[in-house]
Amino acid sequence: MEDVVGRIREKFYDQIIKFEEKSARRIYLDFKPADIQAAVKFIFTDLGCRLATVTGTDMPQGIELLYHFSYDRSGQVISLRTLLANKKDPHIESITPLIVGAEWIEREIWELLGVEFDGHPNLKHLLLIDDWPEGKHPLRHDHD
Amino acid sequence: MSHKVVVPIGPYHPLQEEPEFFRLYVEGEKVVDIDIVIGYMHRGIEELSEHKHFDQIPYSVERICGICSSSHPYAYVLAVEDILGGEANVVPERALYIRTIVDELQRIHSHLLWLGLAGHFIGYNTVWMWAWKYREPVLDMFEMITGNRNHYGMCKVGGARRDIREEDVPVLKKALDDLLPAVDMFKGAVMDDPVIQARLKGIGILNKKQAIEWCAVGPTARAAGLNIDVRRDDPYGVYDRVSWNVIVENDGDIFCKTKVRILELYESINIIRQCLHNLPKGEIDANIKDIPAGVGIGRVEAPRGECFHYIKSDGTNSPIRHKIRAPSYMNVASNKVAAVGQTISDTTITLAAVDPCYCCTERVAVFKDKTDKKLMNGWDLIKLSQEKTKKLQERLNGGNK
Chain G
1 MEDVVGRIRE KFYDQIIKFE EKSARRIYLD FKPADIQAAV KFIFTDLGCR
51 LATVTGTDMP QGIELLYHFS YDRSGQVISL RTLLANKKDP HIESITPLIV
101 GAEWIEREIW ELLGVEFDGH PNLKHLLLID DWPEGKHPLR HDHD
Chain C
1001 MSHKVVVPIG PYHPLQEEPE FFRLYVEGEK VVDIDIVIGY MHRGIEELSE
1051 HKHFDQIPYS VERICGICSS SHPYAYVLAV EDILGGEANV VPERALYIRT
1101 IVDELQRIHS HLLWLGLAGH FIGYNTVWMW AWKYREPVLD MFEMITGNRN
1151 HYGMCKVGGA RRDIREEDVP VLKKALDDLL PAVDMFKGAV MDDPVIQARL
1201 KGIGILNKKQ AIEWCAVGPT ARAAGLNIDV RRDDPYGVYD RVSWNVIVEN
1251 DGDIFCKTKV RILELYESIN IIRQCLHNLP KGEIDANIKD IPAGVGIGRV
1301 EAPRGECFHY IKSDGTNSPI RHKIRAPSYM NVASNKVAAV GQTISDTTIT
1351 LAAVDPCYCC TERVAVFKDK TDKKLMNGWD LIKLSQEKTK KLQERLNGGN
1401 K
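Protein sequence lines correspond, in order, to chains G and C. Mapping to this note's numbering: the first sequence position 127 is 127, numbers consecutive. With the second sequence counted from 1, adding 1000 to any position gets you this note's numbering.
Honestly, I wouldn't trust all of these hints.
Claimed, not checked - The following label-pair restraints were derived from C-beta to C-beta distances:
hint : chain 1 : residue 1 : chain 2 : residue 2 : range
1    : G       : Arg73     : C       : Asn1317   : 44 to 50 Å
2    : G       : Glu10     : C       : Val1246   : 27 to 33 Å
3    : G       : Pro97     : C       : His1003   : 27 to 33 Å
4    : C       : Lys1390   : G       : Arg73     : 57 to 63 Å
5    : C       : Asn1207   : G       : Asn86     : 38 to 44 Å
Simulated from the structure, these hints should not be mistaken for lab results. Ideal Cβ positions, reconstructed from N, Cα and C, are used throughout, including at glycine.
Using the sequences provided together with the hints, build the complete structure.
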C-alpha cells in the first residue's frame, strides 16, 4: 500500500505548518490558505484521494476550513486545515475547477459562512432562498 | 434549428417522495441540460447540534432521514468516540455487534424500499408491491430489536441503548431465513427480466472517470467500478470480524446500480447471520460521562454511500461544530452528467437511480441576527408566503388585462 501521507509530507515539506497523526487513520495537516489549491491538486489528481467534504467553522481567530480527503485503499482520512484570518472578507482559491464535485460544497460554505471562493464558476445559493439577506451567514457566531 | 424547451420536475411532483426541483432543458425528447435546485428540506440541524448536549444529538441527527436513520447517529457517535480514542477502544464488544446488526438490517430495508420505488418509476408496479411486501418483515425485526419500525434510537456515545434479548435471536434468524427466498426471487425477477433489462441497461450511465470527478459514493460509485466501501476500508462495528464481499460492477448504468443493491442484500443477510451467531455476552454501554476537547471524524457506509460526520468539541457538553455530509449530497450532484443525453422518459428513473435522499442532503441553519433574536418565526414565513401569492396573483391578473 502506498504511503500517501509520506508523499504529501515530502512534496510539501516547506508548506506544511503542522502535522498531526491523531490515529493511524485520522491525519491532519495545516497549510496556509495560499498553498491549499496546490496541495488539493496533488492529493486529488496525483494520489487519487477522494474529496469527502469541506468543513467550515467560525472560530474566534478566523474561519477555519478543513478539506477532508479519503484515501480509500488504506481507509485514511487526510484533512487539510487552513485558517482565513480576515473574518470581514474571507477569501480562498476555489477548488471546483480541479474537482467538479466540490461545487455544491463551496456554494454551501459561501452562503452559510460567507467565504468567497475565487474562481468558482457558479457561486449562488444552494440551500437558502435566493432572496436571503446579503451579508447574513447562518453559521457565523459573530464573536466580535 | 434547435428549440430548447424547459420541463420542470418538482419542487412538488407526484413522482417524487421529497421536494426537489429539476429543471430539464429538452430538445424534442432529448435532455440537453439539467439544473438541480435543492434547499426545500433545509432544517438547520448542524446549527441545532451546537445547542444540544452530546447525548441529545443522536436524537436530532436520527431525524435527518427516516430511511438511513441508523447511519447518521452511528456516524455521529463514531466521530465522538474518535475524540475519545476510537470506537474499538471505548465500546463494549456486545454493543459493537448490536450496532452492526442494526446497520445491516437498515441496508436491507433501504435497498428493498429503493427497489420498489425503482420498479414504480419504470411503471413496473409488481416489483414495487412485492419489494415492499418483503420489506415489512424487516421492519418487524426492527420493531422486535429496537421497539420502532423506523427511528431506532439504538446509538449512544459509548454503546447501544438497548440490548437484543436472547429469546429474540432464534426468531430473528428464522426471519432472515424466510427473507432469503424473496431475495432470490428479486434477483431472478429483476436480473433476468427482458423488460427491466430493456429499460435499465445502458441508461443513466455514470462512468468510472465521472464517478471519480463527482466524488460519488456508495452503490452509485460501486456500479461504476470504484471499489470503495467504508465498511471494509475504514472498518467500524465488527465488519472486520465477519466475512463478506464488496459488490462492484463496471458499466455504471442503472442496471448495474440495481444489481449492486440486490447482491448487497445477500451480503447483509450473511453479515447479520454471522453477528447473531457470534453475539458475545456482556455489557452494552461504557457509560461515558465527559467528552474532552478535540476533533473527531466518524464515517459509516450508509445504504446510499459514505455518511460523514465531523465533531469539534471544546470540552463543554455540546460541540462547537458538527458537520454532516450525507451520501446523496455527492450522488445527486452527479445527475448532472447521468441525466443529460437521455430521453425524458428515462430521466425519472435516472434521477432516482442514485437513491436520492434530500432530507439528508439538506440540513443546517436557524438564523439569528446580532440581537440574538430569530429573524423569522413560523408566522413571518406564512405572511411572506401570503405576500408572494398576492404578488403572483396581481402579476397574473395584470397579464390578463
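So, going through the hints one by one against the coordinates:
{"no.": "1", "hint": "G:Arg73 / C:Asn1317: 44 to 50 Å", "result": "violated (38 Å)"}
{"no.": "2", "hint": "G:Glu10 / C:Val1246: 27 to 33 Å", "result": "holds (31 Å)"}
{"no.": "3", "hint": "G:Pro97 / C:His1003: 27 to 33 Å", "result": "holds (32 Å)"}
{"no.": "4", "hint": "C:Lys1390 / G:Arg73: 57 to 63 Å", "result": "holds (58 Å)"}
{"no.": "5", "hint": "C:Asn1207 / G:Asn86: 38 to 44 Å", "result": "holds (41 Å)"}
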